[in-house]
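Construct the complete structure from the given sequences, taking the supplied hints into account.
Protein chains in written order, with this note's numbering: chain G, 847 to 1256; chain X, 847 to 1256; chain H, 847 to 1256; chain P, 847 to 1256.
In short, the hints are calculated from the structure, not lab data. Where hints are given, some of them may not hold.
Heads up, simulated DSSO-like pairs for lysine-lysine below, C-alpha to C-alpha not over 30 Å straight-line [what the hints assert, rightly or not]:
no.: 1; chain 1: G; residue 1: K983; chain 2: H; residue 2: K1081
no.: 2; chain 1: X; residue 1: K1008; chain 2: X; residue 2: K1053
no.: 3; chain 1: X; residue 1: K983; chain 2: H; residue 2: K1148
no.: 4; chain 1: X; residue 1: K1188; chain 2: H; residue 2: K1148
A few chain P residues that face chain H, going by a derived Cβ cut-off under 8 Å, partial list only [said to hold, decoys possible]:
no.: 5; residue: F962
no.: 6; residue: A1019
no.: 7; residue: V1028
no.: 8; residue: L1031
no.: 9; residue: L1034
no.: 10; residue: C1071
no.: 11; residue: I1126
no.: 12; residue: G1129
no.: 13; residue: M1130
no.: 14; residue: P1138
no.: 15; residue: R1141
no.: 16; residue: I1154
no.: 17; residue: K1165
no.: 18; residue: V1171
no.: 19; residue: V1215
no.: 20; residue: P1235
Beta carbons: idealized from backbone N, C-alpha and C, even for Gly.
4 protein chains.
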Amino acid sequence: MTDTLIKVDLDTSPYDNEMIHNRWHPDIPMACWVEPGDDFKIETFDWTGGQIKNDDDAADVRDVDLSQVHFLSGPIGVKGAEPGDLLVVDILDIGAFDHSLWGFNGFFSKQNGGGFLTEHYPLAQKSIWDFEGMFTKSRHIPGVRYAGLIHPGLIGCLPDQKMLDTWNSREKALFDTDPTRVPTLATLPDGGPSAHMGRLKGEARDKAAAEGARTVPPREHGGNCDIKDLSRGSKVYFPVYVDGAGLSMGDLHFSQGDGEITFCGAIEMAGWLHIKVSLIKDGMAKYGIKNPIFRPSPMAPKYDDFLIFEGISVDEGGKQHYLDVHIAYRQACLNAIEYLKKFGYSGAQAYSILGTAPVQGHISGVVDVPNACATLWLPTDIFEFDLMPGVDGPTKYLDGSVDMPLAPDL
Amino acid sequence: MTDTLIKVDLDTSPYDNEMIHNRWHPDIPMACWVEPGDDFKIETFDWTGGQIKNDDDAADVRDVDLSQVHFLSGPIGVKGAEPGDLLVVDILDIGAFDHSLWGFNGFFSKQNGGGFLTEHYPLAQKSIWDFEGMFTKSRHIPGVRYAGLIHPGLIGCLPDQKMLDTWNSREKALFDTDPTRVPTLATLPDGGPSAHMGRLKGEARDKAAAEGARTVPPREHGGNCDIKDLSRGSKVYFPVYVDGAGLSMGDLHFSQGDGEITFCGAIEMAGWLHIKVSLIKDGMAKYGIKNPIFRPSPMAPKYDDFLIFEGISVDEGGKQHYLDVHIAYRQACLNAIEYLKKFGYSGAQAYSILGTAPVQGHISGVVDVPNACATLWLPTDIFEFDLMPGVDGPTKYLDGSVDMPLAPDL
Amino acid sequence: MTDTLIKVDLDTSPYDNEMIHNRWHPDIPMACWVEPGDDFKIETFDWTGGQIKNDDDAADVRDVDLSQVHFLSGPIGVKGAEPGDLLVVDILDIGAFDHSLWGFNGFFSKQNGGGFLTEHYPLAQKSIWDFEGMFTKSRHIPGVRYAGLIHPGLIGCLPDQKMLDTWNSREKALFDTDPTRVPTLATLPDGGPSAHMGRLKGEARDKAAAEGARTVPPREHGGNCDIKDLSRGSKVYFPVYVDGAGLSMGDLHFSQGDGEITFCGAIEMAGWLHIKVSLIKDGMAKYGIKNPIFRPSPMAPKYDDFLIFEGISVDEGGKQHYLDVHIAYRQACLNAIEYLKKFGYSGAQAYSILGTAPVQGHISGVVDVPNACATLWLPTDIFEFDLMPGVDGPTKYLDGSVDMPLAPDL
Amino acid sequence: MTDTLIKVDLDTSPYDNEMIHNRWHPDIPMACWVEPGDDFKIETFDWTGGQIKNDDDAADVRDVDLSQVHFLSGPIGVKGAEPGDLLVVDILDIGAFDHSLWGFNGFFSKQNGGGFLTEHYPLAQKSIWDFEGMFTKSRHIPGVRYAGLIHPGLIGCLPDQKMLDTWNSREKALFDTDPTRVPTLATLPDGGPSAHMGRLKGEARDKAAAEGARTVPPREHGGNCDIKDLSRGSKVYFPVYVDGAGLSMGDLHFSQGDGEITFCGAIEMAGWLHIKVSLIKDGMAKYGIKNPIFRPSPMAPKYDDFLIFEGISVDEGGKQHYLDVHIAYRQACLNAIEYLKKFGYSGAQAYSILGTAPVQGHISGVVDVPNACATLWLPTDIFEFDLMPGVDGPTKYLDGSVDMPLAPDL
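Shown next as C-alpha cells:
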C-alpha cells in the first residue's frame, strides 16, 4: 500500500487544509518531507476548489472566483535538494476519486477571464464529462468519446526570492501597459484573503501573500504549463531553486487539447497522483536547464488518424500580422469549428471538443514572412461518425437538440 | 509507367522552362491539363533553382538571390474544376532524383532574410545532407541520421484576382508600418526580372509580374505552408479559386522540423512528386473550408520517443510578452540548443538539427495569461548516442572538430 | 461510484465465495444479473486463489494444486441475452488492489504442468513483480521495467450442454492417445473436491462437477485465451450459448508476452475489472462468428522498437518438422534467451522476461515447406541498457548476483 | 548516383544472367565483391522469373514451374567476411521498376504446391495488384488499398558444406516419411536443368546442382523467411558461413501478411534494393547467434486499428490437436474469411486479402493444454468501408460482380 502524504476532503474548503496553497512564495513551509527514491501519493482538489458543480447550469462558471485558483497540494520537501539541482519526478499514475468520477469544461465570460476564442464565445458555458473507466463522454456534447490522457495541468517547485521578484516585476511591467484591459493582461499578487499560503500564518502569511505570485501562468519552474503530454508515465526534470525543492501540484486534467483553448480549461477534475522523486545534483548547470524538460509516457491514447486544419496569421478582420503563431492557431481552431458545425455541432460544442480532446496544435511554419502557419490536428477516431470529407458532402449527425448550458452575464 | 507532365533539367535555368513560375497570379497560363482521376508525375527544381551547391562553402547561402524564390512547377489545370470546389490531391509518392541524392540546409544572413534565430545566428551557414535510400545524414553534423518525411514545402492553387488583391493590400499595409526593417516585414510584388510568370510573355507578363504575389508566405490557398506532415501518402483538400484550379508545387523537403526554423530551410532538394487529383464539387461551402485541410499519411517515421523542452513568452532580455507563442517557441528552441551543446554540438549544428529533423513544435498552453507555453519535441532515436539526462551528467559525444561552414557578411 | 457486483476477500478461500467458480458448466447459476448497457465492477482472485506468496521461495510454485485453477468471478447474467447473440464487452478499466500491488511469474515443475520450455527449465522457479503505478519491476530480475498492458487472461460465456459435450469428447480423445504423458495432453473433468461450481450444491453440484470442463484451454467461447492485447480499453464480441450469456472472468495479468510461455504464467495478480455489456441480437449468424473477435484498446504501451529473433521448425535435436509453428516459436524464444545471457542474465531470468514483457510472437512464414518461421519481438525500451548488437560485442550488464528462486522437485 | 552491381532484364530469361542463381551451394562463385561500408543497388527478378503475367487468366499460376524458384541476385562477396562473423545489412530502400509497377498474388493448385488453405481453395487463382506510388490496389479485389511494407521475401548468405549437408539430410529424412504426399513435405535437391548455379559451369555446376539446396524454406541463414517486417529501413544481422559471406536476395514483396498464407505468395514483384553492408567480426559467438536477428524499420504503415480473430487448435473436422499453432492460425484465418464474406467478398478474395495486406498473425497462447490460441489481426484502415460489427449487422459492400480469375486443374 502506497502512502498518501497529502489528503483532501472534497466536502470541505481547501482553505481549511494546511497542505494546500494557491500562490508561489519561497516562505511557504513544506507540507511534508520525503527522501530521494521515495514514491507516494498526493491528492488534489480540482483547480477551483469545488466551485463548479456536476449540473446543467453554467452560472457557477460565470460566477467563478478566479482569485482563488489554483489550489495546489504541497509544497513537498525533498531531503538533500539544493538550488541548482534537477528534481526528477516520475509520474507513476494519476486517477480520479472513485466518489468523483466526472470533470468539467467551460468558457469563462469575457468579463471574467474569457478564453482563447472569447471574442467569439464571450459568455459562460459549461459541459460535464463522465468518466467510464479510462474513457470519458459528455451528456452535453454527443458523438465523441475519448480515452483520457490524464495529467497535472500544474506542477513545479517553489521559486526563490530572486526568481519571484523577477516574475513580479516583469508581469507588472506588462500589466501597466494597459491596466484596465478586460480580460486582464496579467494576474498580479493581491495579498487579499483569497491567497492561501499553506500553513503560513499571521504576519508572515500576509507578507508572503502580498508578494506571492499567482499560479496562472507557466514560468521557468514549469507551473501551470497545461501540457497534455506531461501525463501518467512521464518523467519530468524540474529546476530546483530552494533547499528541499518544494514541489507542488494540482489542476488535474482527465483530457485536454494542445493550448487548453477553452481556459476553463481541460476536463478539470479532483484526484490523486502517485509519484516518485529523485535528484540530479547540480543538474541545471550540467545540462544547461532553464525550464523543465521531460520524457513523455510510453502509454498514451493511440489516436493517430487526424484531420488537420491550417491557419495563418491573418486575423478575423483580414488584418495581416507578422509571424504571429497565436493568431494563426486561432484561425486553425476557427476553421475546425466551422467544419464541425457542418456535422450538426453548435459552435460552443465544437470549441469544447477542441479544448478537451487530445487534439494537437503544431507550429508548422514560423519563418515565411509575414505569415506564421499553425495546424490543428483533430483525431478522427474520437468521433462516433465518419468525419472525413467526401463527394456527397457532410451528413448531419447531430440534430441540435442537445447543447451546452449557457449563463448570460448578469 | 506513369506519365511525367512537367520535367526539369537541373543543368539549365528555371527561367528557360515555361512550365515553371515563381509568382502567384491568375493570368499565368496552365502548363498542362489533366482529368479528375488522373495520376501523374511532376518534377521540380529546388526552391532556389540551383543557387546552392553541394560543397563546403556557405558563400552561396550568403549571396542567395531571394527575389527568385520559389520556383514552382505548374500550374496544372484540372478539367471541370470551378471556383468553390475542393481539389483533392493524393500525394502518392515523392522522391529525389537518382542523379541528385543530396539536399541543403542553412541560415541566411540577417542582412538577407535571416531566420527564426537570426539574432543569435546572424551569419550565413550551411550544411549538406546526403541521402542513403530513405535516410539522410550530414558530413557537417555528425551523430544524427533520420528517415525522411519527404514533403512539398509549397503546394496550392492559383488565386483569383480578388484573392490576389486582398493578399497584396494586407501585406502592403503591414510592410508600410516599418518599410526599412531588416529583415523585411513582408515580401511585396516587385515586377522585376526575377519574376517568372510561366509562359506568359510581353505586356501580359509585365502586368502580371507587377502584381503577382510573392510565394514566400502561406496563405488561404495553402502555398508555402512548410508543413512537414503534408508528406507522401497524405491526402489534401485545396480550395479552388479559378477555372481549372491551377495547382502548382515545389520546394521539396527531404526532412524538416515543425516551424522550419532555419528558414533555408528544411533539407531542401530537387525531385519529383507522383500525385492524383479529383474534385469535390462545391466543397468549400459544403464543408465550410477557407484554408486547405488534409489527412496525413499512413506512412511516417516512427520516431516517437522524445525529450521535450518548454518555452514561455518571456524573451531573451527578460521582457514579458502577452501569450506570444512565437516567442515561447523561440525559447523552447534556445533551451534545446543549450542542452545539445552540452553533448558537444556547436550552437549552429544544434540549430540545424532543430530545423531539419522531424521535431515537433506544439502550442501547449495559450490561455494562461500572460505566458504562452510552447514545447519543442526532440526525437531521441535520431541520435547515435543516449540523449537522456542522467545523474552523471552528459558525455561529450562530439569533439568539435567538425562544424558547419560559415560565410561572413561582406 | 460504480457498483461492484462481485467482491473477493483475498484473506479467505475462494471456495467460500459463491460468486466464484472454476469449471465450465451450463448449470452453474448466475452469480448476478445486469441489463444491457450497464457498467459495473467485478473483483477477482488471482488464478490460483492465493496459492503463490510474495516471498523468495519457489516451493509454492512447485507445490501448486493445479486442480483448483482458474478461479473465475461469475457467471454474470445479462438480461435478454439468448443463444446466437453476441455479447459485447467493453473493458473500461482493470486494476490491482491497493492492498495487493504485486504479481508473480514462474515455471511449474515438469512433473506438474511444465511450460513452453519445460525440457530446458524443468524445475519450479518464480519471480515476484512489484507494481509502481502503471509500471512493474522485479527484485529477481534486474534491468527491466515495463508499463503494464493489463488484461484478463480468461474471459468468456458459459457453454451450453452440446458445446460442453463437444469439448469433453474431443479432449478425451486426445488424452487417450497417451494417457500417462507428463505433462498431460489435456486436463479432463475430474468431479473431485477441487471443482468449485459456484452456488450449485448437493447432487446438482456433483453432476455438474463430474462433467464440468476444466478452464485451462481456450475454446470456442474464448475462455483462457491469454491474449495480452485483450486489455483495458478493448471491445470484445463473445458468442452466447445460454440464456443470460453467463459471462465469467479472472486470471488477471499485469503484463504478458505473446504465448504466455512461462505458463505460470504472465505477471499474475488479483484485482478488479470495470466493464460494460451490451448485445448484438443474432450476431453470430449475422457476422459468421464462431470464436470471439475483438478490437484492441486505443491505449497500450508504446514499446515499438524491437530486436527480432527468428526461429524455424527444426527442433533442438536437429530434427526437421513440417511447418510446425510451435517448434519454430520455441526456437525463436531459445535464440532470444541465448542472446540475453550474453548480457549477464541467467537463462531462467531471460525466459521470465519473454513470459512477462510485452513481447510479440509472430507467425511469420507458414507455407515454405518444410520450415515454418516464427519471430519473437523483444521490445528494447524495457531494458535499462542498450540491447543492440555492436562491433565491440555485448557489455555484461548484470553480474549474476541476483537470480530467481528455484525449488527442486521433492 | 548509387552503383547498381547486379542488373536484370525482365525481357530475358534469368538463366541467361550469370549473377542470378536459384539453389544454395557454397561453390557458387561470387557475382561481385564489395567492401564493408559500401552501399549499392541490386536488381532482382520476381521469384518465378517472369512466369506470371499481368492479365486476367490464372492459367500461368496453375502451370507455374516451381522447380525454377526462387531466382536470387548474388552471391555478393564482402571482403574480409569470415565464418563466424555477422554480416550487418542496412536495407536503405526497396522499389519496383518504373516500367513494371504491378505485382501478383495467387493460390497454387493443390496439385502443385497448394497453400495454407489448400484444402479449402484447391484450385489456381490469381489477383493482380497495381502500384500507385506507395499504395497498391487490385482490379480483382475491390474495397481495399494498402501502403506497401516492401521487403525481400528471401535474403541470406551462402551455407558452407557442412551446413548444406545438414539441411539436405534432415529434409530428406522428413520427405522419406511420406514421399508421395501431395503437396510434398519437402523440396529436395534435384540437379536437373532447372537449377541455376550462377556462373558455375560444366561438371562443377552439375555437382553443385545435384546437392544444392532448394530455396523454398527458411533456414539457419535466414533465406526464404517471408517476414513482412524485414522491410526497407530495417537492419539485419546475418550469420556468415563462408569466406566473403555470399549474400543473395530476391523474392521482393510489395506487401504481405504474417504467414504469407497464400504461398504465391505476397504481392510478388520484380524490383531493386539499395543496401549497405558491414561486419561484426566473430559476432556469432559474441552474441550467441544461430539465426539472423534484425531491428525493424522506423518507417512502416501506421495501420494500427485492428479487428482481431481468434483461432484454436481444433481442426475443421472438430479434432483436437495438442498446442498446434499452425492449426490455430488456420482457424483464425478461416474465421476472418467467414466474417469478410458477410460484406460481400468471395472466399478467395478474403483469402487474398489475408495473404497480401499487412495483417498480423500472433502466437497468443501456447501453453494452455491442449489448445494453442492464435490471433489474426486485420487492419481496418485498409478497407474503404466500416468493418466493425454493429447492432444492425453487416452492410453488403460488394455485389459479387468482380472476382479473382480461376484456372481449373487440367
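Now for the hints, and whether the structure bears them out:
no. : hint              : verdict
1   : G:K983 / H:K1081  : 17 Å, holds
2   : X:K1008 / X:K1053 : 16 Å, holds
3   : X:K983 / H:K1148  : 26 Å, holds
4   : X:K1188 / H:K1148 : 29 Å, holds
5   : F962              : 5 Å, holds
6   : A1019             : 6 Å, holds
7   : V1028             : 12 Å, violated
8   : L1031             : 6 Å, holds
9   : L1034             : 10 Å, violated
10  : C1071             : 5 Å, holds
11  : I1126             : 5 Å, holds
12  : G1129             : 7 Å, holds
13  : M1130             : 11 Å, violated
14  : P1138             : 6 Å, holds
15  : R1141             : 6 Å, holds
16  : I1154             : 5 Å, holds
17  : K1165             : 7 Å, holds
18  : V1171             : 4 Å, holds
19  : V1215             : 6 Å, holds
20  : P1235             : 5 Å, holds
Hints 7, 9 and 13 from the earlier list are contradicted by this structure; the remaining hints agree with it.
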